[in-house]
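A.B. asks: Here's the letter readout for the chains.
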Amino acid sequence: MNDKLQLPHLDYAALSPMLILFGVAAVGVLVEGFVPRSIRHRVQLPLALLGLVAALVMVIRQGGKHVLTASTAVAIDGPSLFLSGSIIVLGIVSLLLIGERSLETGGAFVAQAAVTANTEADRDQAARAPGTTEVFPLALFALAGMVLFVSANDLLTMFVALEVLSLPLYLMCALARRRRLLSQEAALKYFLLGSFASAFFLFGIALIYGYAGQVDFKSIDAAIPSSTHSTTLLNVGLSMLAIGLLFKAAAVPFHVWTPDVYHGAPTPVTALMAACTKVAAFGGLLRVLTVGFERSTWDFRPVLGGIAVLTMLVGAILAVTQTDIKRLLAYSSIANAGYVLVGVLAVNKSGLSSSMFYLVAYGFTVIAAFGVVTLVRDADGEATHLSRWAGLGRRSPVYAAVFTFIMLAFAGIPLTSGFTAKFGVFGAALEADQTWLVIAGVVSSAILAFPYLRVIVMMYLSEPAENTPTVSIPGALTAAALVIGVVATLLLGVWPRSLLEVTQNAANFIR
Amino acid sequence: MSFPYLTVLTAAPLVGAGVVAALPKDKPELVKRFAFVWSLAIFVLTVVLWTQFKPGGDRFQFKESYDWIPQWGVSFTFATDGIALVMLALIALLMPIVILASWHDADESRRSVPTYFALLLSLECTLIGVFAAQDIFLFYVFFEVMLVPMYFLIGSYGGARKQYAAVKFFLYSLAGGLFMLAAVIGLWVVGGHTFDWQKLVSADFSTTTERWLFLGFFLAFAIKAPFFPFHTWLPDAGGAAPVGTAALLVGVMDKVGTFGILRYCLPLFPDASRYFAPLALVLAVVGIIYGALLAVGQNDLKRLVSYTSIAHFGFIGVGIFAFTSQAMTGSVFYMVNHGLATGLLFLVVGMLVARRGSALVSDFGGAGKYVPKLAGVLLIAGLASLALPGMSPFVSEFLVLIGTFSVNKTVAVIATAGIILAAGYVLWMIQRTTQGTPNPALEKVDGLRRDLTVREAAVVAPLIALILFFGFYPKPVLDVINPAVQATLHDVGKTDPQPTLVNTEAGK
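Chains as they are written, first to last, in our numbering: chain H, 1 to 511; chain V, 1 to 508.
There may be inaccurate statements among the hints.
[Unchecked claim] Selected chain V positions facing chain H (in silico; Cβ < 8 Å): (1) Phe34; (2) Val37; (3) Leu40; (4) Ala41; (5) Ile69; (6) Glu144; (7) Val145; (8) Gly155; (9) Val167; (10) Leu181; (11) Ala182; (12) Trp188; (13) Val189; (14) Val413.
[Claimed, not checked] Listed below are the simulated DSBU-like cross-link pairs for lysine-lysine, each with C-alpha atoms no more than 35 Å apart in a straight line: (15) H:Lys326 <-> H:Lys218; (16) H:Lys326 <-> V:Lys168; (17) H:Lys326 <-> V:Lys494; (18) V:Lys199 <-> H:Lys349; (19) V:Lys409 <-> V:Lys494; (20) H:Lys4 <-> H:Lys65.
[Unchecked claim] To give a feel for the contact side, a few chain H residues facing chain V, derived at Cβ under 10 Å: (21) Thr297; (22) Gly412; (23) Val438.
Calculated directly from the structure, the hints in this document are not laboratory data.
Just so you know, these numbers come straight off a predicted model, no measurement behind them.
In this text, a Cβ means the ideal position worked out from N, Cα and C, and glycines have one as well.
Whenever a hint applies, use it, and build me the whole structure from the sequences.
C.D. replies: Structure below.
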């Protein structure tokens, strides 16, 4: 037993973004323990933002790096850096929404999640108590998990990252200040279904291990032409992995949780999930499919293509029938997952870069959309029913205009990021001869325009109802998040060349 | 580097829209005056552009190109040929007229006056852009963005059922546009990652690809134009839109469809164009007859005018797909004349409707007794619309028909029947509104005490003058159109048939 246990070499610089995020999140937990309640919010928010900015700086400084580290468990390459950076930037913007406290007393979060819903104590704390500040470390843990998720180079690391990013999200879903039952239901639903999905993912890992004898992507890639084991193992294993990933990405038929969770969760958390989780889920999917299973493209493409078509059409059609703005945005996010999937299924360089572009473009827009949702309020908190938005254009033309712009971006009207993003993924799919996906995408876009238009009609063309909710003046944080989201949406539509260049340079996986 | 006419022309309305939107809401007069003067300045610039255009020179003139998205090969490329030039002139001419005609439209709607004029000017920006663009991506951008101001113009300032009409208009056009998007991307992929029109024209595609791409473009343009059976949005939109907007919608925006066929479908996909020409001819001929028959049956004046447009677009379609220089020149000239004549008709109808407070034909009857001048203008507009000789639409309709007759007698004969129907719907409409038995209810309508005002006279005078002028002397326009038409026919690979009859006569 003379062999020394060799510690794997760790490239600390390359790992620094996630180390910073995990570290700051841990510090956040300490803050919860030792800092008096009255000033916690004032400590946690700057701390979290600082941590994210520091992590972003480190990501940018790694630019161009192309290494495997931690004995090939973590890959630092173009896509992982780009996606990490996107997650962090979108995380910063959603954190601005999470940190907002001027819209209602104590912010969007409940003080004590354990108080029984609909009791006197619950009403009391909804009206007065300052919200919990644990959301900040939770959000940071989730974001750190996402950064690890898109950088994971083997299936086990990926699974760990998946759990790290999921658990805080489940918790955060349960923290809405109002409509506590809905919020708890959302959290429970997300948790239960998420656990199933994780179980599928884990089972898939086991099967792949049985097939390839390894769990890292390079070995899987090498094993596909040479393994002597039954390809059933490979195909079933890959399907199960895909189920786990597509669940997080909210693709049909693994989407049923999305509307309920998006609806019940506190709106800032919904924004975080719609933007960042989507980036992480698709980042993971891109790496698994491109690095690990590229040789199975002919096998998975028809199946995943079918899922993409379903996702786009079901998301679009069900969005038409929605009467609640948050559920509408949830179905729209499902349909958008379908569009990203179209780019992913191109399985080529332009597919990779256009999917990444799409994720960033969509993330900014969706955060701005949920940002506006947090502003439209009445005495009971956010007024999310569509009928309550009637005539909003008269009462607050600025926010109605902002939301109209966002809706047009979702509908893919040119000069918004929605159009350039769609153009990218459709172009990539056509290059890969996946015309059917593009046709389905075009048809679903046409359907999806209808619910977006309906919102615009509601806001402008309908007469205001008696009880039109007021639109609160956003605090500095929400205002900043809105401005960033809208400006990014416009900029990526009018002048996309800079980000296109970045995504094209980044579209190079390490194996 | 010469003066960047087309960039300035495209940007100017947008700048104007920005200024208008920033003007204070409580000074509507200032807003209107500014919008009018600004659009007039744009018209003057267009006239200068026209005088600089050399009909015998290059096919595309005033070319400008700036990088936009180099990764995709997208650039801001503007250039104009004769066909686009006449359309640019038409927009620039109609805009001040429409602004003048819409002077009070926004006041009555209880909505923001500056927004209305800002929307009109941004619409002008997108319309000019769509005709001036030479890069297909840029064309597509204008093609789609155009929907947004029009949507709000109809939806916010329109009449009854405005929401329904606005949404239907938007969704129809967007659906067509999205299929075109798929085709645009397909073209980009097979054409070697460029959007440059000139490069793509010389590219070769496989027969199947070319046909699918053609259909993608054609569907969008057929909805836009609109051709039968994609026309159902137009009567709703035209009926609900404020009259000024409706004049722009039918007079200019719909021409984007036929222009798109001429500029994109035919030169880019010549083989497919020839292959699908019979189909297009059938749709066009059905449109002529069907649109005219429905126009006869309408009781709503604005819807009636909309249906006449569908019939007129049928003529334009016939002229395009007949593939002779006479017919195609006629079609392009028809696009101009239709803008003038139907624009005029819409505006006059709008004046009548504003006075009566109703657009229903049955609410009129003998109105000419109260407003003789207006009734006279309506008669002129109607006669122009039915292509009376001496009016400019006659020239274009005649060109289309003789050009078509030389290659396809059946189509020409059926289309000619459309002229008879046109006389039917126009004359019967006039008989039931301004002539005929006086409607006793009109006695009590205060609006009808006032005949054509000075402002309204200023609105209709230039249009009537042009219709008469081009009716007798169409040469200035035809000279500009002709080279572009010849070039387009050359792209499609069609030549005019030899006049065989003359040869045999000579041989005797």
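A.B. asks: Work down the list of hints and note, for each, if the structure agrees.
C.D. replies: Outcome of the hint check:
1. Phe34: violated (21 Å)
2. Val37: This interface hint is violated because 26 Å lies over the 8 Å limit.
3. Leu40: This hint is violated: Leu40 (chain V) lies away from chain H, its Cβ roughly 27 Å from the closest one there, beyond 8 Å.
4. Ala41: violated (25 Å)
5. Ile69: holds (5 Å)
6. Glu144: Nearest chain H Cβ about 5 Å off; hint holds.
7. Val145: holds (5 Å)
8. Gly155: Hint on Gly155 (chain V): holds, closest Cβ of chain H at ~5 Å, below 8 Å.
9. Val167: Val167 (chain V) check passes; min Cβ-Cβ to chain H is 5 Å, inside 8 Å.
10. Leu181: OK, holds: Leu181 (chain V) within 8 Å of chain H, min 7 Å.
11. Ala182: Given a least distance of 5 Å, the restraint on Ala182 (chain V) holds.
12. Trp188: With a closest approach of 7 Å, the Trp188 (chain V) hint holds.
13. Val189: holds (5 Å)
14. Val413: violated (38 Å)
15. H:Lys326 <-> H:Lys218: violated (41 Å)
16. H:Lys326 <-> V:Lys168: With a Cα-Cα distance of about 25 Å, the restraint between Lys326 (chain H) and Lys168 (chain V) holds, given a limit of 35 Å.
17. H:Lys326 <-> V:Lys494: Violated - the C-alpha atoms of Lys494 (chain V) and Lys326 (chain H) are around 56 Å apart, more than 35 Å.
18. V:Lys199 <-> H:Lys349: Answer holds: Lys199 (chain V) to Lys349 (chain H) is near 25 Å, not above 35 Å.
19. V:Lys409 <-> V:Lys494: holds (18 Å)
20. H:Lys4 <-> H:Lys65: holds (30 Å)
21. Thr297: violated (19 Å)
22. Gly412: holds (8 Å)
23. Val438: holds (5 Å)
Checked against the numbered hints listed earlier, the structure breaks hints 1, 2, 3, 4, 14, 15, 17 and 21; every other hint is satisfied.
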